[in-house]
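K.L.:
Here the structure of chain G is known, so what remains is to put chain Y in place on it, guided by the hints.
Take a look at the letters that make up each chain.
There are 2 protein chains.
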Amino acid sequence: VNSRIENPLFPDVDTPALLLDETRLHANIAILQQQAASSGLALRPHAKAHKCAHVARLQMEAGAVGLCAAKLGEAEAMADGGITDVLVTTPIVGPLKIGRLMRLAQRITVRVVVDDERNVHELARAASAAQIVLRVVIEVDVGQHRCGVDSGLRAAALAHCIHAQASLTLAGVQGYQGSLQCQADYAERRRGIVAAMDALAQSVNAIREAGFAVPVITGGGTGSFPIDRVLGCLTEVQPGSYVTMDSAYNAIDWCEAGGRMPLRAPLSILASVVSCATPGRAIIDVGWKAASSDGHVPVCRDRPDLIFEFAGDEHGLLTSSTGSLDLVPGDRIELMPGHCDTTVNLYDRFVVHAGGRVQAIWPIEARGKSN
Amino acid sequence: VNSRIENPLFPDVDTPALLLDETRLHANIAILQQQAASSGLALRPHAKAHKCAHVARLQMEAGAVGLCAAKLGEAEAMADGGITDVLVTTPIVGPLKIGRLMRLAQRITVRVVVDDERNVHELARAASAAQIVLRVVIEVDVGQHRCGVDSGLRAAALAHCIHAQASLTLAGVQGYQGSLQCQADYAERRRGIVAAMDALAQSVNAIREAGFAVPVITGGGTGSFPIDRVLGCLTEVQPGSYVTMDSAYNAIDWCEAGGRMPLRAPLSILASVVSCATPGRAIIDVGWKAASSDGHVPVCRDRPDLIFEFAGDEHGLLTSSTGSLDLVPGDRIELMPGHCDTTVNLYDRFVVHAGGRVQAIWPIEARGKSN
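As you go down the protein sequences, you meet chains G and Y in turn. The first sequence maps to residues 1 to 371 in the working numbering. The second sequence maps to residues 1 to 371 in the working numbering.
Derived by calculation from the structure, the hints in this document are not laboratory data. Some clues are possibly wrong.
For each label pair, taking beta carbons as the anchor points, the in silico distance ranges come out as [said to hold, decoys possible]:
| # | chain 1 | residue 1 | chain 2 | residue 2 | range |
| --- | --- | --- | --- | --- | --- |
| 1 | Y | Glu-309 | G | Gly-355 | 40 to 50 Å |
| 2 | G | Gly-99 | Y | Val-133 | 50 to 60 Å |
| 3 | G | Gln-34 | Y | Arg-118 | 48 to 58 Å |
| 4 | G | Pro-262 | Y | Gly-356 | 53 to 63 Å |
| 5 | G | Gly-323 | Y | Arg-125 | 47 to 57 Å |
Glycine included, every Cβ here is placed at the ideal spot set by N, Cα and C.
Chain G with its partners taken away, still in its complex shape:
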């Protein structure tokens, strides 16, 4: 008799499934909100991580000023779910998307980032035709070399260009250094974030010296949050992953000298063993279609002796660091995803649980809303 088979994890949930621990989720929402507030920072969590209107509403109820969305489709899903203030953190280009943006801006408070004069003119024409004043935020490249103007001079020129459009208003500046967020070593992460915030402050100063107000300075993520709290450059922070966490963020030093992370890990993938045909190896039902592989590798929760490897689109391989494997087909295990954003994007719903029991199913409305 195998006790794990007789008392499986979540016996009424078919696998693979995306689990969300409600107690840990609420704790993470409360902790970051409290820490942001105590540092005088507005908290605008990023919906790209959870893509779920229910989670967004919990963040708003806790005190968030609004949500971020990386894609217009995410912003629309948040608006449909009752969120009334969204910052779109990627430029919105082309007539189809700008038409959608105008319709969204007629429903809720929308801000959108810009880094290009042609795009400013395109947005201004559309806002004018829609008879709205659109809030735009200048994106500054603070070292990631992705989107964003790359100097204070260009930031000030773009501010002039925005100011010249009657249908646009300059709502602030955004600077985000995504590639540093998961840097595990605190001192190294801090060095990079300080350099990024210096670059952002230079652009803010250039815009202000050109005579324009910069009411909001927005940016930052989960990894930079403990640093952004003390640097004082940002007025608004955009962490996303803090709410679900993953094995990459779980491995970073939260503060100096390897200080312990105040955040728990609510997100996991429930998996089943489907084959143990080869001694010492167990095959589970989680492969690339049920766990993303672009970041860290998923890790087995509560079973540090088990090592997970991807074994194809629909399969994962478990081996044991002790050499002996006690698993049989039907056994269930929980994996902590390697990268929360792209793993959440594979699922239609969260199975929300507390005390070992399923409490609710929350739809992931913005799943796949990549346009």
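P.N.:
Just chain Y, lined up with the frame of chain G:
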């Protein structure tokens, strides 16, 4: 004036979008069906690649004997879409899934692979209770060390175990060598496939010598297809990717001496440039959430001078091999995905086109059906 902006690709399609060229799709379906038939092989295409009932119906109309599904959710979606014969190519374990399998087997012809005596007993009890005779297929490990019994002795023992169950019938044997399918060098791929088919033939012989019929020997993929056609081990082939293709399969030698692939590439991702803030770099709206990164890197179609790199969850970076980049925000390009199965799994629909115009939208019903 930029002629690409004035005449963009698919101006009525918002990006990112998953495009499917209908002419190329029909050609691929016809070519493989004809080549399988001329070699006396039954063709059972794998739905894990396209996850779309419309494509499956086209494959059936062309002469396929049924479809494969890697997951029960895929098989259910195929049945809902009118497919009446499905082989589930992964073991189905545990009471929840086996209950679903029984309900499916009451609707359509279902075969399911097994590699474990405990699983055989579990299936037999459920089939008996459901008053059906379930067709099972012994999965043989032919070198991938994932699922499957690893010797003729164990295959014959499993055949005995199946034969002892009144509610089960042995429908055949499966052997699949997934890790060899994309091996680009034909001779090396052929060597591996020959070894795999030798292992499979040994298990088939062992089962037959034990006194049991093996009516179907199923396996193979797109890369092994030209080899399986001539080896004569399989009676039924399971290629999936041939129907959509991707940059990995597009790069393999189809036959000896680098022989040209008869298959075209119907699948592409339509992307838009969203930022050109840094000279020599263009940022597009395709990142890890709109193109899978577990296999080959996506490549730019019709623009071999452009090099794609992932730049985060929602961003991709284009640079030029010539050094000068002629792109502006709003420009559109088509990417050939690096891995079709996991890219299709990110989208809810195919935008089907012919002659440069959108012809239809086909839902990807089994998208995300990973359980």
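K.L.:
The structure should be examined with respect to each hint, and the outcome stated for every one.
P.N.:
Status of each hint after checking the structure:
Under the hint 40 to 50 Å, the C-beta atoms of Y/Glu-309 and G/Gly-355, about 45 Å apart, fit the expected range. A hinted range of 50 to 60 Å holds for the C-beta pair G/Gly-99 and Y/Val-133, which are about 57 Å apart. Restraint check, G/Gln-34 to Y/Arg-118: a C-beta distance of roughly 50 Å satisfies the suggested window 48 to 58 Å. Our hint of 53 to 63 Å for G/Pro-262 and Y/Gly-356 holds, since their Cβ atoms are close to 55 Å apart.
Between G/Gly-323 and Y/Arg-125, the C-beta spacing of about 34 Å breaks the proposed range 47 to 57 Å.
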